[in-house]
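Protein chains in written order, with this note's numbering: chain L, 17 to 140; chain X, 28 to 128.
It is worth saying that the hints were derived from the structure and are not from the lab.
Just so you know, nobody snuck in bad clues.
Think about it this way: if two alpha-carbon atoms lie no more than 30 Å apart in a straight line, the pair counts; the simulated DSBU-like pairs of lysine-lysine are: (1) L:99 - X:66; (2) X:66 - X:124; (3) X:123 - L:99; (4) L:44 - X:124.
Output of the computed footprint for chain X on chain L, the stretches with three or more beta carbons under 8 Å from beta carbons of chain X: (5) 54-60; (6) 85-91.
Positions of the beta carbon are idealized from the N, C-alpha and C atoms, including for glycine.
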Amino acid sequence: MDFFETSVLIVCVGIILTMAVMVERIWKGPTAYDRLNALALIGTDTILLVVLIGMITNQIDHYVDIAITYAMIGFIGLALIAKYITDRQIDRDLANTGGSAEKQEIESPIAASADVRPRKEADR
Amino acid sequence: MNQWIGIILLFGGLFFIVVTAIGVVRLPDFYTRLHATGKSETLGVLLSFLGLALYHGVSLASFKMLLIILFILFANPIGTHMLSRAAFRAGIEPWKKEGHR
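Please take these sequences and the hints and turn them into a complete structure.
Next up, the structure:
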């Protein structure tokens, strides 16, 4: 085993430890967005890990294609889940205010003056 | 010579990825954690792939690694921005120090 393979193995172990540390954020993240953020990070690290394993086993021509596919599918999944969570939250707000969220914000002067700031009563 | 530069870049990328993990676990707020995600993780993965491509030399696999670099350079900040916009619309307040209102 030459020097390069040893250093690639060290980087592999470091990335796996990094992913294990970020599982803690998935476990006790206060919001769903924290969990999604850490999950996307683990997905990005997995791309690098796949290519490193391909360098170790001398099959880089196959593993690079797997890495490209994994990157694209991971990005599409992140986009879909983020959009799904946003739409679900907006639907719930509209249902709570009886379908007239804009009207209520205009009626109360505090909300009209501070409409840039996010709402406090939302689900965390 | 190129291989030594590749190994150095690989370890530089590992450093930034470890910094990202520390930031994601220890920073106090969702938006500050996104700060660690959007910049540091992108730079770490980018440096690592650049080192691997330099080590491997000119081939089709290196070209595909450069394609992965290009994709991550666009996709990672876009995903971070989508997450932050979703969280802001859902009403998560940014973190503030005590006494700063």
